[in-house]
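Novice: Sequence:
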Amino acid sequence: MRSLVSVCAHRVVSDHASLRRAMHLIPVELYPALFAAAFYDHKTLALHDLVQRWPFPVLSFQKLLYGDGHSPVALRDTSSKQCVQSVILGVVAHLEDSLTKADTTNGTRARRLQVLDVTGMQEDRLTREPHCMSLWSSTVAVAKACIDIHRRCSEKVHPKTKRRKGLRVRPMSPERPVNSPHVDVRVDLFVNSTSFSVLREALLLSAHSPLRLQCRDLRVEELSLQSTSGLLALLSAPGVRKIDLRFNNLGFSGLNVLLPLMSRFTGLRSLKLPYSNIDVNRLTPLTEGALQTFTSLLGQLRDLRELNLGSSRLSGRLRQLLGGLQTPLESLELAFCYLLPADLLYLSASVHASTLRKVDLSGNNLSVFLLQPFQRLLGALSSVLLHLDITECKLEDVHLAAITPALCSCSRLRYLSFSCNPISSQRLRTFLLDTVRLAELRLVIHPLPTDCYNPRTPDDAADELQECGYDQEKVKQLGAELQHMLLHAQRTDMVWSTDLFQENVTDYLSP
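To get our numbering, take the position in the sequence shown, counting from 1, and add 39.
Bear in mind the hints are in silico, worked out from the structure with no lab data behind them. Warning: the hint list may mix true and false statements.
[Claimed, not checked] Straight-line C-alpha distance at most 30 Å; calculated DSSO-like pairs for lysine-lysine:
hint, residue 1, residue 2
1, 120, 311
2, 102, 433
3, 102, 183
4, 433, 513
5, 515, 433
6, 183, 120
7, 120, 102
8, 311, 433
9, 183, 311
10, 183, 140
[Claimed, not checked] The following label-pair restraints were derived from C-beta to C-beta distances:
hint, residue 1, residue 2, range
11, 153, 540, 29 to 39 Å
12, 194, 63, 22 to 32 Å
13, 243, 540, 28 to 38 Å
14, 187, 342, 28 to 38 Å
15, 322, 516, 16 to 26 Å
16, 509, 243, 48 to 58 Å
17, 63, 97, 40 to 50 Å
18, 545, 404, 20 to 30 Å
19, 318, 80, 14 to 24 Å
20, 136, 515, 50 to 60 Å
21, 153, 194, 17 to 27 Å
22, 526, 136, 53 to 63 Å
Just so it is clear, the structure is predicted and the values come from calculations on it, not from any experiment. Yeah, the Cβ is synthetic: ideal placement off N, Cα and C, and Gly gets one too.
Let the hints inform the model, and build the full structure from the sequences given.
Specialist: Structural data, given as structure tokens:
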């Protein structure tokens with residue numbers, strides 16, 4: 040239910056002309072409520088004017104829209120391109136006002152906007168609404184704004200004049216006065232080959248621009264080693280929390296070039312290297328040395344809490360890879376890593392077992408040799424585990440039944456995905472009755488049962504969509520039955536879904 044202040048704020052921003060006329064009368068305490076109302080109602084002109092006159096040192100999307108920033112609704116779900124762009128343009132207008140006015144009073148300077156925080160637009164789903172601002176789009180928008188305002192300021196300092204023969208115009212010094220008005224923009228960046236050049240230019244100008252980029256989380260896809268290393272060198276070290284390098288085919292040799300560049304990010308807590316062409320199964324004496332260098336460099340990331348080595352061949356080498364880390368991990372993603380029993384046994388006895396909140400073992404065959412080591416791992420994680428992903432692990436009814444006691448000992452579990460495993464409807468029902476006892480479990484991603492398949496014929500097309508192979512009526516009936524069971528168990532707070540892209544935006548890293 041909306042508060043009276045919220046209801047009034049939505050009404051005020053609905054009439055932009057009246058809002059603009061009354062701006063000088065609005066108490067500063069109402070700006071946050073008006074901002075949230077304008078953002079949710081997509082009142083872009085009102086947003087621009089509010090930001091241009093923003094009276095506080097910090098403007099944070101997450102705090103203004105969701106308070107503590109931990110709402111189950113992700114910021115990306117409501118961030119229209121037009122609204123985010125209006126906020127950025129409002130900041131630019133705010134800066135231009137500061138740069139052109141003789142603003143020297145201490146009170147005014149103290150209240151001037153100093154930080155724009157647009158973090159929190161990470162995108163985990165493959166689909167998104169076309170009107171929403173993607174992480175890539177916000178990266179480009181902020182970078183272009185940084186470049187644009189730098190050019191405007193340069194033109195004001197050194198306006199274009201007609202060139203006379205023998206007269207050379209001295210280029211503007213990149214240095215700006217230390218106390219010159221500027222806004223630090225805390226932002227998550229998504230970089231690929233199409234956004235690299237504009238972001239590189241913005242970062243080169245950032246130190247001396249009125250808009251100064253401060254990266255929190257960096258995601259890089261399909262970028263060359265040279266471009267990636269150049270990008271890391273340009274980032275301001277304070278504030279970098281996560282680095283995600285994927286689809287870059289770097290191998291040990293490339294990663295060993297990049298890891299020393301990351302060591303200067305003293306606040307780096309998360310490193311994701313999926314699809315990085317890491318393979319320990321075909322090592323030569325030369326590449327064995329590269330592996331040892333990699334583990335040594337990884338150990339130099341002193342505050343690392345989250346590691347993703349997905350789609351790597353790590354068979355039997357987990358002890359070597361993780362043994363040198365100086366801080367126990369809180370999140371470990373090892374999807375499709377061809378793990379061996381020794382890997383899970385090491386993990387269950389390691390220092391990480393007492394701290395791991397999130398574990399992703401999807402794509403590893405847990406049905407035969409890994410079954411007992413996996414049960415042992417669950418027992419070791421029982422007091423701390425919050426998030427478990429065992430999607431596509433070849434688990435059948437008998438295997439799911441075997442791990443259920445250990446799984447139900449994980450009393451703090453909040454998220455479980457065991458999709459794409461060949462489970463029957465009956466075992467699914469039994470498993471639901473077992474897991475409703477987990478008081479904190481909120482989201483379960485389950486497979487479509489094997490007995491919901493339609494009979495196949497030799498004439499079926501090989502590329503037939505998976506959902507076409509199911510009896511839709513059976514699937515619908517089962518879904519209704521599961522919902523009824525949850526209602527009967529008084530667990531309407533728990534969601535059971537087959538949607539692999541169901542939102543789960545919890546940050547499992549401790550503060």
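Novice: Residue 433 and residue 513: Cα distance at most 30 Å?
Specialist: Holds - the C-alpha atoms of residue 513 and residue 433 are around 23 Å apart, at most 30 Å.
Novice: Take the C-beta atom of residue 153 and the C-beta atom of residue 540, compute their distance, and say whether it sits inside 29 to 39 Å.
Specialist: 37 Å, holds
Novice: Please verify whether residue 183 and residue 311 have alpha carbons no more than 30 Å apart.
Specialist: OK: residue 183 and residue 311 at ~27 Å, within 30 Å.
Novice: Holds or violated: the 28 to 38 Å window for the beta-carbon distance between residue 187 and residue 342?
Specialist: 35 Å, holds
Novice: Does residue 120 lie within 30 Å of residue 183 when you go C-alpha to C-alpha?
Specialist: 14 Å, holds
Novice: Mind checking the alpha carbons of residue 120 and residue 102 for me, to see if they're no more than 30 Å apart?
Specialist: Holds: residue 120 and residue 102 sit about 19 Å apart, inside 30 Å.
Novice: Hint says 53 to 63 Å; check whether the CB-CB distance for residue 526 and residue 136 agrees.
Specialist: This hint holds: roughly 57 Å between Cβ atoms.
Novice: Residue 120 and residue 311 were given as a pair; does the straight-line alpha-carbon distance stay at or below 30 Å?
Specialist: 27 Å, holds
Novice: Would you say the C-beta atoms of residue 318 and residue 80 sit inside 14 to 24 Å of each other?
Specialist: 52 Å, violated
Novice: Could you tell me whether the CB distance from residue 545 to residue 404 stays inside 20 to 30 Å?
Specialist: 28 Å, holds
Novice: Note whether the CB distance of residue 153 and residue 194 lies within 17 to 27 Å or breaks it.
Specialist: For residue 153 and residue 194 the Cβ distance comes to about 25 Å; the hint holds.
Novice: Run the distance test for residue 102 versus residue 433: straight-line Cα separation, threshold 30 Å.
Specialist: It is violated: about 42 Å lies between the C-alpha atoms, which goes past 30 Å.
Of the hints listed earlier, those the structure fails to meet are numbers 2, 15, 17, 19, in rising order.
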